Amino acid sequence: MDGRIAGTGADAGADTGAEADAGADADAGAIGQPIEATAAASGTPEPQPAEPAASSATPTPQPAADANVDPDPDPDPDADSDSHSGRPIDEAELDRICLHNLLSACADMIYFKDRDSRFLRVSDSAAAFGGTDPAAMIGKTVRDYFTPEHAAAAFATEKKIMATGQAITDFEEPHLRPGTPAEETLSASKQPLRDFDGRVIGTFGISRDITARKVAERELESRTEELDRVGRELKTLIDTSPDLMARFDRDLRCTYANPAAASVIRSTPTAMLGHTSRERGYSEDFLKVWEESLRHVLATGQNTEREFDVVVAGQSRFLHTRFVPEVGWDGEVTSVLAVCRDLTERRRIEEALEEQAVRDPLTGLANRTLLVSRIRQAIELGAADRDRLAVLFLDLDRFKLVNDSLGHAAGDELLAAVADRLRTAVRRGDLVARFGGDEFVVLCENVAGHAEAAAIAERIIDCLIPPFTCAGQQMHVRTSIGIALAHGSDTTVDELLRDADAAMYQAKADGTVAGGYRFFEPATHQRAVHRMNLEQDLRQAVERGEFTLVYQPIVALEDGRLTGAEALIRWRHPERGLLAPAAFLDMAEETQLIVPIGRWVLDEACRQLAEWNDSLPVGARAVTASAGSAGSGGSAGPAGSARPAGSAGARLPLLATEPDARLPLLAVNLSSRQLSHDADLVCEVTKTIARHGVPPGRICLEVTETAVHEASLTARSALEAFSGSGIKIALDDYGTGYSSLGHLRDNPVDTLKIDRVFISGLGQNRGDDAIVVAVITLAHALGMKVVAEGVETPEQRARLQELGCDFAQGHLFSMPLSAEDFGELLRSGATVGAVPCL
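If you read the sequence shown in the numbering used here, its first letter stands for residue 1146, the second for the next number, and so on.
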């Protein structure tokens, strides 16, 4: 527009020179006048905003006054359009045409303002942005349409432009219109508006609504920041990740490595670049699988995972590796990212846990799980053929004594020391296992039959002979060993262990002094089966009440009076008949069934004693036992029953006629396990006696000398409690156990019972005579009574009378009687006849 708002061109052909000068003068004289006057003087039609027909502040172009131009052209649309093309257009008209099109058609907002920032001209787009029409905006300012903040900023900017004459371009104007989002923004460029003399008469500018662009830029910036953040975090994760990460190109060369990867190979990420894994000198086995994995991913574009055992920088490592394809813009795999997780430590822990699962934590030996697995494996591999596979089952003798005396810590120390010696005693390749507690098992493969198995057992026994030092004390350990040889491929693990265990118990039963071993024999198995069946039957007997009691009379040797009886248990087995105590008491002790059995015996004995007491008449006459006197030459009958002695038929009184001697003294046996394991023994005994109304002084509890020796302080306290309540205490089988004088002094014993092994030798063995004399003398010196057991001949009776023994029991006087027979004997006072053995 050549810096003009609206004027004629300098070379307009229709204007004369005078007209041009006049126009120039008019322009010159318009400077300093209001812009409306200036526009009128310059030939630009003055805007008429009040006229409703005016739809724009831009005047409609008017044809120049030219004689050659028809002021009212033919409106006929069919007229030849070329009829107008030949009309010349002067510069003023051209300027008006251009300005009109610019203001009406430009998408950007265009506006002209005077020195007071009032609008002179505005484009249609600017008016639309302001929510009005162009004509309405003429003479108004931005304060009429936009926010005060924007108006103030716009005034300041335009003032600065008019003051400096300098344009301000490409700046942003935010938040223009009231009630619109804060993101609304215009990009504007403003310049000084000059007249033809160069004087600044206002400003004009162009603005573009860049709100959408700003929102997009902010979103893009936000996304870029997010991507940058993610990138930084990803880089941090990769750089600090404990996983090893490396990228390999299609030539299998490293193009990236994170610090973890460089650290493992003891290098730097930079030093790794450009090199293949083969150049780093790894093993061929590793490289084969590694390179195959890389090439597979490069060729197929599919992930793959592998696990590697590889030596890296001199250290064995276990790596779980994932190979991930990286695809370029063309969809082709350009590289492979290898992500390796170092599972070395976890593998070590897993291996340690696996080892612990098959190892005994105390000794480090194989445990039962590993032992069974190895035996089964040996059988499957054929080692069971031809007596080539042997199992040695070891048990430390009297190990419980170590735990009880020195404590479990000392016991554990001893077990560990024994394990160390066992390792040195066996052959290379033999497996030593701790089976449980103080039991060990040695698995020997490829043995040369019985001879080599025996030799291994002897080496084991010999290695345990030197003393052990545990808890600061020296101790000797011996072991019993059972050996079982596999008899063929059909041998099972359970059979081998079962047979070796049975043979071990047989070796223990043999009681060899320096330890011993036994090979398994079928009879051993049969005995084990018998013991198992016996235990089962015994448990059922307790539940079903299959026991009964018999009573062996006890007589006074001085006059033959019946002073008491010993209650003896019998088992009415449903298949084997009546069983004596020797057939089942050991099993009862071992299985602790002796506790309920012992309680039943006491209860039944007290019940029977009370029944006898109720059936006896006061002042019963004396009865005698059919036993021969010392000088009569009489003897026991063939059935072991008492019979009249000599021609005179002398009878010994069995029951005193005094009222206080009406009820016999009844002896009941207590086992060592009852004393040591039945915590309620004292309470149960006293309750039982009270329940049946039996005088405590008519009950005698018999305990063996061995039981007293092994009894704990609690058990000894129980004996004192019994004695204190009036119950009699008898020490049974005296002389066969420890024969400790301290036991007689420290325990409340009323009676000593001499074992039958010494009675049988009376008059025949000087040693037996001396022992019986000593016991009787000692007992009387301590104020105790003496009972001789197992008296079977008149000679034994006579000798005992001569030595001053107080009481006796045995087949000479009577076999054990049923409760009915014994009661009848008490009630009738008749001579005892032949009584069957029970």
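Since the hints were made in silico from the structure, they are not lab data. Where hints are given, some of them may not hold.
When the alpha-carbon atoms are kept at most 27 Å apart in a straight line, the in silico DSSO-like pairs for lysine-lysine are as follows [as the list claims (entries may be wrong)]:
id, residue 1, residue 2
1, 1380, 1359
2, 1304, 1285
3, 1653, 1545
Label pairs and their calculated CB-CB ranges [unchecked claim]:
id, residue 1, residue 2, range
4, 1374, 1323, 21 to 29 Å
5, 1499, 1666, 35 to 43 Å
6, 1294, 1334, 14 to 22 Å
The model shown is predicted, which means the values in this text are computed figures rather than measured ones. All C-beta atoms, glycine included, are put in the ideal place defined by N, C-alpha and C.
Hint by hint, here is what the structure shows:
1. Simply put, residue 1380 and residue 1359 have alpha-carbon atoms about 30 Å apart, too far for the 27 Å limit, and the pair is violated.
2. Simply put, residue 1304 and residue 1285 have alpha-carbon atoms about 16 Å apart, close enough for the 27 Å limit, and the pair holds.
3. This hinted pair checks out: residue 1653 and residue 1545 have alpha carbons roughly 15 Å apart, not beyond 27 Å.
4. In this structure, residue 1374 and residue 1323 break the distance hint of 21 to 29 Å, their C-beta atoms being roughly 36 Å apart.
5. Checked against the given bound of 35 to 43 Å, the beta carbons of residue 1499 and residue 1666, roughly 39 Å apart, stay inside it.
6. For the pair residue 1294 and residue 1334, the supplied restraint of 14 to 22 Å holds, since their beta-carbon distance comes to about 20 Å.
Hint compliance for this structure: hints 1, 4 are not met, and every other hint is.
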